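Those sequence lines, one after another, are chains A and B. Using the working numbering, you'd call the opening residue of the first sequence number 1 and step up by one each time. Using the working numbering, you'd call the opening residue of the second sequence number 275 and step up by one each time.
Please note that a few of the clues may not be correct.
Stated by the list, open to error - Over 12 Å on every C-beta distance to chain B, these chain A residues come out as not near it, computed from the model:
hint : residue
1    : Val52
2    : Pro84
3    : Ile91
4    : Leu97
5    : Arg101
6    : Ile110
7    : Leu139
8    : Phe152
9    : Met174
10   : Met189
11   : Ile199
12   : Glu202
13   : Arg207
14   : Leu220
15   : Gly255
Unchecked claim - Computed spacing ranges between beta-carbons, pair by pair:
hint : chain 1 : residue 1 : chain 2 : residue 2 : range
16   : A       : Asp77     : B       : Thr331    : 39 to 45 Å
17   : A       : Val229    : B       : Glu441    : 55 to 61 Å
18   : B       : Ser391    : A       : Gly129    : 32 to 38 Å
19   : B       : Leu322    : A       : Arg23     : 23 to 29 Å
20   : B       : Ser391    : A       : Asp77     : 24 to 30 Å
21   : B       : Leu314    : A       : Val229    : 53 to 59 Å
22   : A       : Pro84     : B       : Ala318    : 53 to 59 Å
Honestly, the hints are just simulated from the structure, not real lab data. Note that the structure is a prediction, hence the values are computed from the model and not measured. Note that beta-carbon positions come from the ideal geometry of N, C-alpha and C, so glycine has one too.
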Amino acid sequence: MTDTAADTPLADAETRPGGRADRALPGGRTETWRHPPLVRISHWLNVVAVVVLLMSGLNILLAHPHLYWGLRSTFADPWVNIPPLPNWALIPQGRNLAEARNWHFLFAWIFVANGLIYLAYGFLTGRFGRRIWPTGRELKGFGASVAEHARFHFPTDDHARAYNVIQKLAYAAMILIVLPMMLVTGLSMSPGFNSVGGILLEIMGGRQSARTLHFISAGLIVGFIVVHVGLVIWTGPLNNMRSMITGWFVIQPPGSTAGPKLGRKRRVDDGEAP
Amino acid sequence: MNRRRWLTGAVATAATAFLSACGQAGTSLAEQARRMGEGLTRRAQRLLIPREALAPTYSRAEISPDFRANGSTDPAAADYRALKAGGFADYRLVIDGLVDRPLSLSLAELRSRPAQSQITKHDCVEGWTSIGEWTGVRLETLLEEAGLKPEARYIVFHCFDALDQREDGERYYESIDLIDARHPQTILAYAMNGQTLPVPHGAPLRLRVERQLGYKHAKYIRRIEAVESFDHLGGGKGGYWEDRGYEWFAGI
């Protein structure tokens, strides 16, 4: 029994409302329905919103490029000093706190609205549980998944129908922890919101801690984007992009793996594989 | 096929709306963004935050030993320098505009009114925070004395300082709505950390409007005016920094 191939996502495609049956392609390949329209639209809206938020956020950060922990700024003794950043990394290009804030808050609204719609959809349809929340059995296969990642050895056959456990944990952490952290830490920097959300401010340890945590969460998002885009490219950039644009993902014939074929064998970490 | 047509239509409609919004004469993209974002933010905060909700307060031990003074720190205007030389003995706060009884109050008269102290954080739009204790008279007290006319919608603060320190430079001004003006923590402070308000922090009188960012807390106030609209003042956006692209509603 593999950790993925016969799991629900396989049956998912045709039996769920809005699901589609697999389509056979020449050469033993199969097209499977992976991303429904709402997921694709919200993914790309999120790409735009997060990129604008990161770049305008860096511009805002440069208005006072020092981070502190606690209630207040200890000007003589910051925790971190941010070095000057190149203009290409900023929205707008060149330092401009007023315009950066204009962009930051408009796209924060887009980010929040998009995120809420995505979360509601994911939870109400049960899709989040089926596709992203790891099962206990998958968690037991964590070590094997680490080894798979360490060897940059990713299946592109039936095993690729479901996300692997590291992928699931990374997506779940982003969706449930890091992205909501951006909103919560951001709101906690608002003197208006502080008058009703003072408890959040206290949990974080003060507005300067909230600001520092906002920056750290943003760093985690950047780290996620780097790894995510890297793996999208490594495991078949055209197929991955196509699936997030059209919804259809191509499954390669059994035994296929991503990347250069350096004499790799079919993966053998299935334990009780037939 | 239907879905594809619907999607194409939706994208085209959104793109057209966006481009036409951006193309309006004389408004930059950033200004369009500000109008949309600030409108949502102001409505959301006014909807979700009770009018009387209080900004968090702190203990004396948490007061910043290094409270930063930003913007103007020693106005160069001749009228201000003359008042400063006399220890602000000749200072008068004028309250006029859409009021029934215009006021002109000395510092002694302000100090004779019920005083209020609060230890609050000062959140600069740049990102830093300092904590200080402020003592002064509630703005609402003075507005009641002057008697706001029904058509008054905003309170404008006219200040002594010009950021460029030129005699003919544009002087600082700010405005808040009546919700913030009547808020229990909105005071005109004449003391900071138990001492007479220092010049770098706005002597002789500054605004504390605790649920807004620092630039709303006008320093060096010389006149308070009740208005129906601030279109005729400065660049028409309701404040010195607002005229330079910052949000009028600075709750975040």
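These are the hints, each one checked on the structure:
Listed as outside the interface, A:Val52 is inconsistent with that label: its C-beta sits roughly 9 Å from the nearest C-beta of chain B, within the 12 Å cut-off. At roughly 16 Å, the least C-beta separation between A:Pro84 and chain B is larger than 12 Å, which holds for a residue marked as non-interface. Its closest Cβ contact with chain B, about 10 Å, brings A:Ile91 to no more than 12 Å, contrary to its assignment away from the interface. Not every C-beta of chain B lies more than 12 Å from that of A:Leu97, the closest at about 7 Å, which undercuts listing it as non-interface.
Distance to chain B contradicts A:Arg101 as a non-interface residue, since its nearest Cβ pair spans about 7 Å, not more than 12 Å. Interface exclusion of A:Ile110 from chain B breaks down, the closest Cβ pair being 9 Å apart, not more than 12 Å. Non-interface call for A:Leu139 relative to chain B: holds, since the shortest CB-CB distance, roughly 37 Å, exceeds 12 Å. The beta carbon of A:Phe152 sits about 36 Å from the closest Cβ of chain B, which is more than 12 Å, so the claim that it is off the interface holds.
Once the 12 Å rule is applied to beta carbons, A:Met174 is consistent with being away from chain B; the minimum gap is 24 Å. Consistency note on A:Met189: stated as away from chain B, yet its beta-carbon is not over 12 Å from all of that chain's, at 7 Å minimum. A cut-off of 12 Å between C-beta atoms contradicts the statement that A:Ile199 is not in contact with chain B; the least separation is 10 Å. With 12 Å as the threshold on Cβ separation, the claim that A:Glu202 sits away from chain B is violated: the shortest Cβ distance comes to roughly 8 Å.
Not every CB of chain B lies more than 12 Å from the CB of A:Arg207, the least distance being 5 Å, so the non-interface label is violated. For A:Leu220, the condition that its CB be more than 12 Å from all CB atoms of chain B holds, with the nearest at approximately 20 Å. Every beta carbon of chain B lies more than 12 Å from that of A:Gly255, the smallest distance being close to 35 Å; the non-interface claim holds. Roughly 25 Å separates the CB atoms of A:Asp77 and B:Thr331, a value that falls outside the hinted 39 to 45 Å.
Between A:Val229 and B:Glu441 the CB atoms are about 56 Å apart, so this pair conforms to the stated range of 55 to 61 Å. In this structure the hint that B:Ser391 and A:Gly129 lie 32 to 38 Å apart at CB is violated, the actual value being about 53 Å. Taking 23 to 29 Å as the suggested C-beta distance range, the pair B:Leu322 and A:Arg23 does not conform, at roughly 48 Å. A hinted range of 24 to 30 Å for the beta carbons of B:Ser391 and A:Asp77 is consistent with their spacing of about 28 Å.
Against the hinted window of 53 to 59 Å, the Cβ-Cβ separation of B:Leu314 and A:Val229 comes to about 30 Å, which falls outside the hint. The supplied range of 53 to 59 Å is broken by A:Pro84 and B:Ala318, whose beta-carbon atoms lie about 34 Å from each other.
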